[in-house]
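Starting from the known structure of chain F, arrange chain E on it as the hints suggest.
Top line first, the protein sequences correspond to chains F and E. Heads up: take any position in the first sequence, counting from 1, add 77, and you land on this note's numbering. Heads up: take any position in the second sequence, counting from 1, add 1, and you land on this note's numbering.
Simulated from the structure, these hints should not be mistaken for laboratory data. Here the structure is a predicted model, which means the values were calculated and not measured. By construction, the Cβ of each residue, glycine as well, lies at the ideal position given by its N, Cα and C atoms. Where hints are given, some of them may not hold.
Stated by the list, open to error - Between beta-carbon pairs, the in silico distance windows are:
#	chain 1	residue 1	chain 2	residue 2	range
1	E	Y229	F	V110	33 to 41 Å
2	E	S242	F	S545	48 to 56 Å
3	E	S82	F	F422	33 to 41 Å
4	E	G316	F	R303	51 to 59 Å
5	E	R110	F	A440	50 to 58 Å
6	F	A474	E	S238	35 to 43 Å
7	F	V110	E	R283	56 to 64 Å
8	F	F422	E	A329	32 to 40 Å
9	F	T299	E	V178	27 to 35 Å
10	E	R209	F	R406	34 to 42 Å
11	E	R102	F	G189	56 to 64 Å
12	F	A138	E	A232	32 to 40 Å
13	E	V178	F	A542	35 to 43 Å
14	E	S238	F	R406	41 to 49 Å
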Amino acid sequence: MCVAREDVLTFVNACFASTGQREFYSDGAGQRVSLAFLHAYVAGNYRALYARTLALGLNHANQARIVGTLLASGREARAQSRGEENALVTRALHALPTHRAMHLLEGLAEAGVNNRRTRAITRAYLDSPRSKAFRAVKYRRSFRRAALHAHVPLDGETLSFFARGWKERRFTTPIFETFRRAHYAEKDLYALPYSIAEGLAAKHGVERAAFLARIEARMTPTELLRRRAASEADEGKGFALDGTKLSPTKVASYVLSLSIADRKAREVELRALLSSSASAAAGRSLARFENVAIVVDRSYSSSGSREKARRPLAVALASVAFLRACSARVTVHLTGGEACGDEIFLAPRGTTDLATPVLAALATSPDLLLIVSDGYENDPAGVTGKVLEVAARIAPATFVVHLNPVLDAEALAPKSLTPRVPTLGIREAEDLPALVALARFAREGDAATSTLDALERHLDARVRAFLSPPGGAS
Amino acid sequence: MKKNERLAQLDHHGLRAGSPQVLGAVRLVPLLRDEVPGDLRIGSRSYGASLGIVRLDGRLDDPGLAYISYVPHGFVVSHTSDGTAATLGATLGPAKPRCVRLHHRMVKREDSDDGGSRFRMLPLHLAMEGYLALHVRGPEILWEGYSRAAASRGLLPRTEYSVRGAYIQGLAEALRVFEIADRQVGVMVFVADALASIFVVSHPDDYRALHRSLIEDFFGEILSTYAYFHADVPLSSSPFSTGAASTLDALAVAVARYRSDLEEDASLLAAGLFTRPVVTERVRDLRPFVLERFVPTFDPAEECHIGERIVRDDGTLEYMKTFRLSQAQIRRGHLLTKLAAADWNLDRAAESLGCSRKELDVRLVNAGFGHLLAAPPVKVAMRGR
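Here chain F stands alone, though its shape is the one from the complex (with noise of 0.2 Å):
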């Protein structure tokens, strides 16, 4: 086995789970002390490699880690690979969430990484004329913060609005004034986004429940989704949720979030949600499965921790409507022995007997097994792995597949059932056509081309598509 693929798919698994918050059975500290030391293992040893993971859709939180990383030891870029680097980070630090963009900008300036291509880098993504001035009024901190440290020169309103704000007496793009006004007047705040108005409001006194109202519309679909999670007294309100714009997991974890007889109530409303969300995102990822099982373990732990609340069971309740919207037949087989069909009312209950369902779910001959579970069987302990191995030998035509939501922060890699079923980390749903496409090179690598190029090969391929203009065949 060649070390170096061995060390990125390490690398590639671990950042697919792992953000460096707390899980069930281990604390934050040690999954960010075996985060870091990944990065700087493999951005040490394999420079070129780690950059060409930004291709695969590894977690937002490590995307913008490997950007960050990369731009501050640009000097150990080899000349060869430079261009390719470039592109890579430049296009992943555009397809980032703005938030997490501008934060990582922010970073950098306070890690005083000041280098001519992070400088060009930053004054590329801060001048994009498109949202300059939007992201201008919405992150005013980072973007200063960000500009000033990269000399990335500020002209006309862009100067003023950040050298004397809401003192100047009149700007001519629009949200600046606005931005202006609403210091003065409380109508104009609700022209704002929801995180710069919510100040405002509170200056001007503004009843919070008649500030939601009217700020409603200019809320991001996350921040509404957030909104409806937090507050019992918005209930009945109707902030109308559009699933469409929402990953499933997000949708998945606010589900989970509700009572039992909450999710009851709404039971028609959560439904149409959750499908509504998996059918977006499996049209946005062009995948398409026939013939699918998916074991689902709902055991106490995967009530995953406070940092990550209900996440496992977020993740794999997504999973079984993302597999419903992209393929021809699917069964759900839970832990704990509940009716299919209904799993929109999962809680996080009772041990973990994963091998009862995988039995049921190998019954169907399917052709493709996905397990989502932390891992962690304890009724009883160790059988599922062995189960697997011998049905790998009765039912060959199944291709299992074991997705973890949790990183095992000793072992630096998710927790597996046995070494011959490939495991892969997992944090969205979404990720999963990638996750069974880098399962199935997994295996191949096993069965005979166990070298680095095949790993090469493979991302090649996910690089062109990731570097291509959007809209394209990507």
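Leaving out everything else, chain E in the frame of chain F:
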């Protein structure tokens, strides 16, 4: 043997062991109940981190025999006699923190607002008090060789040490990550594969609520030492094997077989409690339930547990809590029962213990009962100088 005492064998009728969950030195084996009638409910009542004084006889404010210990919580047991569902005890509102809390009796009947019967008990302290009270009055006949203190105050004050669950390394984490099974009503706690405690209640919901109270319970002090010196315990005596399974059904059979292997493992590990006779004392007759506490037939070569249980009239175990005695505690119990069996005659007791009278004196001093003797061996030795 007193009139409400009898020799019995413990069992866990109506319960079966589930798959163990192991973390470090701690093994937790769930106990599952398939039929839950729901006519006996147990809730917890928190007393805060306060010292408790339990008045064992007389009125609450009388001087008299008292049991003093750290008592973090009590249990409220509600039951009905006709098999209808019992409701969980009402809360009395938050109590003000106090330095010392006075309790009247270990088990005390309470008024209930729904017509059912209800009583409050101090879990495990009931059993511990039973152990401390063993022959606590001292010799009934003042044979030659006893001191005057033996006649005037017997063994009082009688003290024993135990450790809190929180002091057993790894137990808190094991209880936190333990996944409670759906029909689970109890747990067997093993530390380094030594049975530390068994805790059983009647209803799965009650167990779910009381699971974490185990950390406030007290355990034999030997267990905290075991927890330090044993890093990991194996999951099972024999690892899972699929054998020659070549179909999915055969695999399912192999898994089922492994489950029963694990159940056998659990009963093997718990054999020290369930295969040895104990002396049970009926504390309260609740019809159709009986609340009993038990002390083992003391044998220094065997593990000994004290505890309390509620048994339904058909033999179903409805509640149990046990405590593993340390070796010194077993020796003390052993000495006292032998002495009492010999009507406190020191020579006869020495004979039944198979040792000389001098050796018995040394053993009594080592066990902490030297004040019973008129001429303890140390004093005799000093006089010889």
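Hint by hint, here is what the structure shows:
no.: 1; hint: E:Y229 - F:V110: 33 to 41 Å; result: violated, 26 Å
no.: 2; hint: E:S242 - F:S545: 48 to 56 Å; result: holds, 51 Å
no.: 3; hint: E:S82 - F:F422: 33 to 41 Å; result: holds, 37 Å
no.: 4; hint: E:G316 - F:R303: 51 to 59 Å; result: holds, 55 Å
no.: 5; hint: E:R110 - F:A440: 50 to 58 Å; result: holds, 55 Å
no.: 6; hint: F:A474 - E:S238: 35 to 43 Å; result: holds, 36 Å
no.: 7; hint: F:V110 - E:R283: 56 to 64 Å; result: holds, 57 Å
no.: 8; hint: F:F422 - E:A329: 32 to 40 Å; result: violated, 54 Å
no.: 9; hint: F:T299 - E:V178: 27 to 35 Å; result: holds, 31 Å
no.: 10; hint: E:R209 - F:R406: 34 to 42 Å; result: holds, 37 Å
no.: 11; hint: E:R102 - F:G189: 56 to 64 Å; result: holds, 60 Å
no.: 12; hint: F:A138 - E:A232: 32 to 40 Å; result: holds, 34 Å
no.: 13; hint: E:V178 - F:A542: 35 to 43 Å; result: holds, 41 Å
no.: 14; hint: E:S238 - F:R406: 41 to 49 Å; result: holds, 42 Å
Comparing the model with each earlier hint shows violations of hints 1, 8; every other hint is respected.
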